[in-house]
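Novice: Chain residues, written in single-letter form:
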Amino acid sequence: AQSVAQPEDQVNVAEGNPLTVKCTYSVSGNPYLFWYVQYPNRGLQFLLKYITGDNLVKGSYGFEAEFNKSQTSFHLKKPSALVSDSALYFCAVRGLTGGGNKLTFGTGTQLKVEL
Amino acid sequence: SAVISQKPSRDICQRGTSLTIQCQVDSQVTMMFWYRQQPGQSLTLIATANQGSEATYESGFVIDKFPISRPNLTFSTLTVSNMSPEDSSIYLCSVNGGAGSNTGELFFGEGSRLTVL
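Residue numbers (my numbering), protein chains in the order written: chain L, 1 to 115; chain W, 1 to 117.
Read the hints as simulated data drawn from the structure, not as lab findings. Here the structure is a predicted model, which is why all the values come from computation and not from measurement. In this text, a Cβ means the ideal position worked out from N, Cα and C, and glycines have one as well. Incorrect hints may have been included.
[Said to hold, decoys possible] 27 Å max Cα-Cα, derived DSSO-like pairs, lysine-lysine:
{"id": "1", "chain 1": "L", "residue 1": "K112", "chain 2": "L", "residue 2": "K77"}
{"id": "2", "chain 1": "L", "residue 1": "K102", "chain 2": "L", "residue 2": "K58"}
{"id": "3", "chain 1": "L", "residue 1": "K77", "chain 2": "L", "residue 2": "K58"}
{"id": "4", "chain 1": "L", "residue 1": "K49", "chain 2": "L", "residue 2": "K22"}
{"id": "5", "chain 1": "L", "residue 1": "K58", "chain 2": "W", "residue 2": "K7"}
{"id": "6", "chain 1": "L", "residue 1": "K102", "chain 2": "W", "residue 2": "K65"}
[Claimed, not checked] Chain W is faced by these chain L residues, among others (derived, beta-carbon under 7 Å):
{"id": "7", "residue": "F34"}
{"id": "8", "residue": "R94"}
{"id": "9", "residue": "K102"}
Chain W with its partners taken away, still in its complex shape (with noise of 0.2 Å):
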């Protein structure tokens, strides 16, 4: 299994502004994932970070509101931008095992408590 440090672990914002998420990871992954799971309800991919390559998002995310870093196989920044009040979310980020693992499951961040007033 994978360990995966993220950072900030909760913060209170303004509306308006934007915060930057990090995620580490103790050995080097292909692909990298970030979820958000809004409160009570599940998670939903935002997007799929891949080294070297422009992320890849799903239907309803964008990279202005979202925009993502991968610059290496152990790291990923995810950017909340212009947020408002809907933004208050847990953000995960997750890794499906090592560079040329395809075992399926995968390994979750603690997550990313971001409360926007």
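Isolated chain L (complex conformation) (with noise of 0.2 Å):
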């Protein structure tokens, strides 16, 4: 079975500073791996995806994830954080065997950024 763990419920970071959200995953296989964002009352956004190539992924807004298969981490970073970026976090995997197109998602992590 795939899982998921975002081992932090809430991040805080002041505004500018580099902000690193957490990841880890377990799936049988290589992963296809998802980062999303939900920001009050609405839907998830999808940000950025790693499938197979460079480990470090570009996505939205900024944001950028690294892809470390010998510690199945897959941690979304941003240089600069803003006060907009203040959301929920979430991360999630598909496995290529075996899951189907099912996703996995963690449990959220809440992105509090303040002036």
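Taking the hints as your guide, dock the two standalone chains into a single complex.
Specialist: Written as structure tokens, this is what we have:
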């Protein structure tokens, strides 16, 4: 079975500072990995994905994520946080075998960026 | 990307009643997925809706409680039957791209926020 862990319920960071939101995964075979963002009272918006190739993936709104196979991690990063980045962030995984088209989501991390 | 419209966006329902949520996509898609997001929690897949066949339900979800229709490649409905306060959640429709697409990411509607009294 595939699973995702987001160890931090909340991350606080000052505007202009770098941010990291952590994610580790477990899946059979090679993974598809995703990050989504959810603003209050909204659906989920796709940020970025890792399928294959470069371990550093760049996505929307200046976010990037680094795939680390040995640590089974896919942490979300941004060099300089904005107050408008404050939202709920979900990591998700889909296995290439056995999982079909199902995405399994982590429990989410609330990012709070303060002035 | 796909544009997904859900109705209603929110509703307040009485215990014991049923509510049908509609999901319209602006392009033809092979599979549509229904997720539930309970307050303060992550997303849980309820079922996968395929056009022309019965929906495939995940463990813990049954057709009698969550009947799904998929009459064509751009539309699906999810009914939450005989509601109780425990059904208060956001219900999200999602698709994985156009017919034949297998890019992996899902696109989500804005969600339908149900409160059951």
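Novice: Against this structure, judge whether each hint is valid.
Specialist: We went through each hint and held it up to the structure:
Of the pairs offered as hints, the one joining K112 of chain L and K77 of chain L holds, with about 14 Å between alpha carbons and a cut-off of 27 Å not exceeded. As the CA atoms of K102 of chain L and K58 of chain L are separated by approximately 23 Å, the hinted pair is consistent with the 27 Å bound. Our distance criterion of 27 Å between C-alpha atoms is met by K77 of chain L and K58 of chain L, whose separation comes to about 10 Å. About 15 Å separates the Cα atoms of K49 of chain L and K22 of chain L, which keeps this hinted pair within 27 Å; it holds.
Note on K58 of chain L and K7 of chain W: the hinted pairing is violated, with a Cα-Cα distance of about 33 Å set against a maximum of 27 Å. A threshold of 27 Å between alpha carbons decides the hint, and for K102 of chain L with K65 of chain W the separation of about 21 Å falls inside it, so the pair holds. With its C-beta approaching chain W no nearer than about 6 Å, F34 of chain L sits inside the 7 Å limit, and its interface hint holds. Given the 7 Å rule on beta carbons, the hint for R94 of chain L holds: about 6 Å separates it from the nearest Cβ of chain W.
Satisfaction of the interface hint for K102 of chain L is found here, the shortest Cβ-Cβ separation to chain W being roughly 6 Å, below the 7 Å cut-off.
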